[in-house]
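Protein chains in written order, with the working numbering: chain A, 1 to 311; chain B, 1 to 429.
To be clear, the hints were calculated from the coordinates, so they are not data collected in a lab. Be aware that one or more of the hints could be misleading.
Claimed, not checked - Over 10 Å on every C-beta distance to chain A, these chain B residues come out as not near it, computed from the model: (1) S44; (2) G112; (3) F120; (4) K125; (5) I215; (6) T216; (7) S224; (8) L229; (9) K235; (10) W305; (11) L309; (12) L313; (13) L361; (14) G374.
As the list claims (entries may be wrong) - Just the calculated beta-carbon pair ranges, DEER-fashion: (15) Q244(A) to G310(B): 41 to 47 Å; (16) T23(B) to D132(A): 33 to 39 Å; (17) S56(A) to G310(B): 56 to 62 Å; (18) I37(B) to S56(A): 56 to 62 Å; (19) L34(B) to D132(A): 54 to 60 Å; (20) K339(B) to E260(A): 55 to 61 Å; (21) E37(A) to Y118(B): 51 to 57 Å.
Unchecked claim - Reference listing, derived: stretches of chain A covered by chain B, where coverage requires no fewer than 3 residues with Cβ under 8 Å from a Cβ of chain B: (22) 141–154; (23) 258–266.
Where is the CB? At the ideal position from N, CA and C, for every residue including glycine.
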Amino acid sequence: MGKPSRRQFLKIMGATGAALLAGKQAKANEGHKINNETIGMLYDATKCVGCKACMSACKRVNGDYGSLSYERAKFDTDGLWDAPEDLSGSTRTLIKLFKQSEQEWSYVKYSCMHCQKPSCVSVCPVAAMTRDPETGIVDYNKNTCIGCRYCQVACAFNIPKFQWDRALPQIVKCDLCKNTNLPKKGISACAEVCPAGAIMFGKRKDLLEEAEKRLRENPGKYINHIYGANELGGTNHIYLASMQFNKLGLPTLKDAAPAEFSEKIQHTIYKGFIAPVALYSTLCFIALKNMKKHGGEEGGHDTNTDKGGHH
Amino acid sequence: MGHDEYQVHEAKILTPSFIVLLTLTLIGFALIALRFIKGIGAVSNMSDGYPWGIWITYDVATGTAIACGGYAMAILIYIRNRMHYHPMIRSAILTSMFGYGLAGFSVMVDVGRPWNAYNFFVPSKWQVNSAMFEVAVCVMAYTTVLIMEFLPAILTTLEKTEWKTLQHMLDLIYGRLGMERPERIGDRLDKVKELAAWARPRLDKVLIFIIVLGITLPTMHQSSLGSLLLIASTKLHPLWHTGFLPLLFLINCMYIGYSIAILESVISCYAFKRPFETKELSGLARIIPFLTVIWLCVVIGDLAWRGQLGKALSFDFYSCFFLLEFCLIASGSLILFSKRRRESIRWLFSSAALIVLGGALYRFNVYLIGFNPGKGWHYFPSLAELMITVGIVAFEILGYQVLVKILPVLPKLHTRDQHTAAHPMGEKA
Ligand code: SF4
Ligand code: SF4
Ligand code: SF4
């Protein structure tokens, strides 16, 4: 074994480690802070009349963008109707009606929550899911996505949907109209068309202020909780409702972002790539020492008499 | 490598099992073709609630653990300095190579947009927070490493070959065409021989660095396979969701690796009618209980610390699967604590099988059984989905069967047969 070559090899390994170290630390996320200057929506379930104008507006403006197709209902073999049962590879937002009893019911709107510390962004291996630090919009890029569906596994709200029926599928979820209505009109399509004022579009801090005001002014009307204010580290899509949120299909969640937990462990293991490089160097050292004992070159087995020997 | 330690297994390639495996492989590949034409939904039962099905759970998460035989043997031989296990490493590496290569292949079947996979090589797209990024890069690197580790077997064959079969076939083809076989083909073949002879000693010199890389990479990505589920804190059942997932997956792949090396040796000795490698295997078996005991201690300690022991003993759906996994591993290890049992092929085989089953069930529990995305979602693999997995496994076994018959992979018999062949079942250490 040539000495210089070995030293060179370890040097190269060290350099690679250092390069990765630099890149890693730039991207490492140290402690999560909520940014209230970002934009989002406040959905007030008590104001929603269930007209589904937001759903059709969403499909209209985003129909071509991201190649969304209309969903076919089971009774509709000719494909004349679009009747989504749930969010899907062709539906980014959905209004459902929850009925507690004949007298008590509430509408609820589903779409991406635009988390402040999104799990989907944290896990995507190729950075196809991104969160714009300025606007807070969590966006998806089909041109980088490999379709591994890890974002689906990670999202606690089960929001990203996959086009299971296509040969060339993609992930579909709300992007706050980032590439369609928002640049054109400065507001998301669903908020723009809502006739009942159930969707308020704006800066997160204004939305929170408004939500608190409504809670203060109508004590009996709402459940005393702003859903999304703190859930999973805060979301930019927040909710007010007159019924328990878990009944409306919004899971009861802790305040800590799961991505904080998983990234902390991942970063502890791979901090600066020191551990893997150290592991490799140590193992090399041991293996080489062991080889020496066995007659330098690995092939010294012809003279090797310990075959079937010890223990 | 000590090239004199290995031999080609001289036997017919076209056997009945070959035909069966080939049929299964072809069915699997036909269904894969269907998946690419009509979308994943056409062949699988996966859904937006269960975006990962049997392909990720078995082919990738479990299959790579089962393919850890090469990893486990390399640690034993080069790090723990048990060089006398060296004759067993080639077949272990061959199975690892198939396991990992095909895991990579089935990932390409599973992902929706495989043509974008080149992004793993674009630094600006790297997302180092993602455990999956780490897994993907390491698995690709490790597969390459495995191929290089296996290269000596191919090179020695190329070096020694007279190209008889090939020349014979060429003569036949040219004969049919009514032509003479051109001289330059012979020259080309000689060139390949020369190249192999040139490359082999050079590869031998750096091989140890590659082998050590082949120990480092699995250590990294096997633990990251556990990290993948860390994020699913709201979906994975608390019996399995713990910060120790990476550590548990790492130890898990090691004891599965040694157990698989035992199973594989017993099965191939049985199938190829070779004497059993009892002495080597009982030595291997001694290591396993140490690993499983550490693993079981971490599992119990962690459950107690998180206050989940009650859930483990509640005998509901999840607890039953947890207990099954636990008992399989514990009973397999218990057998191996006895020296007498370790020297019986029968006990070795059954205990290794129990441990592989339990260890694999652990991975199924984490990836599928303990995973609950919420009300209304159900998953059980479809027949087509299963057949694709079966086809990939069949292809693995098929490849192994064929390659040991054309390349020097299995340990040479004459070094052992003085003491082992005489009494294959009850060899004393
Ligand atoms: S709701 Fe889900 S998809 Fe939307 S940002 Fe949060 S984690 Fe991502
Ligand atoms: S499916 Fe696409 S967007 Fe989702 S994690 Fe995988 S690569 Fe990222
Ligand atoms: S913000 Fe835009 S993309 Fe999102 S639900 Fe509303 S209309 Fe659809």
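These are the hints, each one checked on the structure:
Once the 10 Å rule is applied to beta carbons, S44(B) is inconsistent with being away from chain A; the minimum gap is 8 Å. Some Cβ of chain A comes within 10 Å of the Cβ of G112(B); the nearest lies about 2 Å off, and the non-interface call is violated. A beta-carbon of chain A comes within 10 Å of the beta-carbon of F120(B); the shortest separation is about 7 Å. With a least CB separation of 5 Å from chain A, K125(B) falls inside the 10 Å interface cut-off, contrary to its annotation.
Annotated as non-interface, I215(B) brings its C-beta within 10 Å of a C-beta of chain A; the closest such distance is 6 Å. Listed as outside the interface, T216(B) is inconsistent with that label: its C-beta sits roughly 4 Å from the nearest C-beta of chain A, within the 10 Å cut-off. Not every C-beta of chain A lies more than 10 Å from that of S224(B), the closest at about 8 Å, which undercuts listing it as non-interface. At the 10 Å boundary, the C-beta of L229(B) falls inside the reach of chain A, the nearest C-beta of that chain being 8 Å off.
Distance check for K235(B) against chain A: the nearest CB is about 7 Å away, which does not clear 10 Å, and the non-interface claim fails. For W305(B), the shortest C-beta to C-beta distance to chain A comes to about 16 Å, beyond the 10 Å cut-off, and the non-interface label holds. Annotated as non-interface, L309(B) keeps its C-beta farther than 10 Å from every C-beta of chain A; the closest such distance is 22 Å. L313(B), annotated as away from the interface, keeps every beta carbon of chain A farther than 10 Å; the closest lies near 25 Å.
The claim that L361(B) is not at the interface with chain A holds, since no C-beta of that chain comes within 10 Å of its own (minimum 20 Å). With a cut of 10 Å on Cβ distances, G374(B) falls inside the contact zone with chain A, its closest approach being about 6 Å. As the Cβ distance of Q244(A) to G310(B) is approximately 27 Å, the hint placing it in 41 to 47 Å is violated. Checked against the given bound of 33 to 39 Å, the beta carbons of T23(B) and D132(A), roughly 52 Å apart, lie outside it.
Taking 56 to 62 Å as the suggested C-beta distance range, the pair S56(A) and G310(B) does not conform, at roughly 50 Å. At roughly 32 Å, the beta carbons of I37(B) and S56(A) sit outside the given window of 56 to 62 Å. Taking the beta carbon of each, L34(B) and D132(A) are about 39 Å apart, not inside 54 to 60 Å as hinted. Between K339(B) and E260(A) the C-beta distance comes to about 49 Å, which lies outside the given range of 55 to 61 Å.
The beta-carbon spacing between E37(A) and Y118(B), approximately 36 Å, falls outside the hinted interval of 51 to 57 Å. Chain B is given as covering the stretch 141–154 of chain A, and this holds because 12 residues of the stretch bring a CB closer than 8 Å to a CB of that chain, at least three being needed. Only when three residues or more bring their CB closer than 8 Å to a CB of chain B does the claim for the stretch 258–266 of chain A stand; here the count is 7, and the claim holds.
Of the hints listed earlier, those the structure fails to meet are numbers 1, 2, 3, 4, 5, 6, 7, 8, 9, 14, 15, 16, 17, 18, 19, 20 and 21, in rising order.
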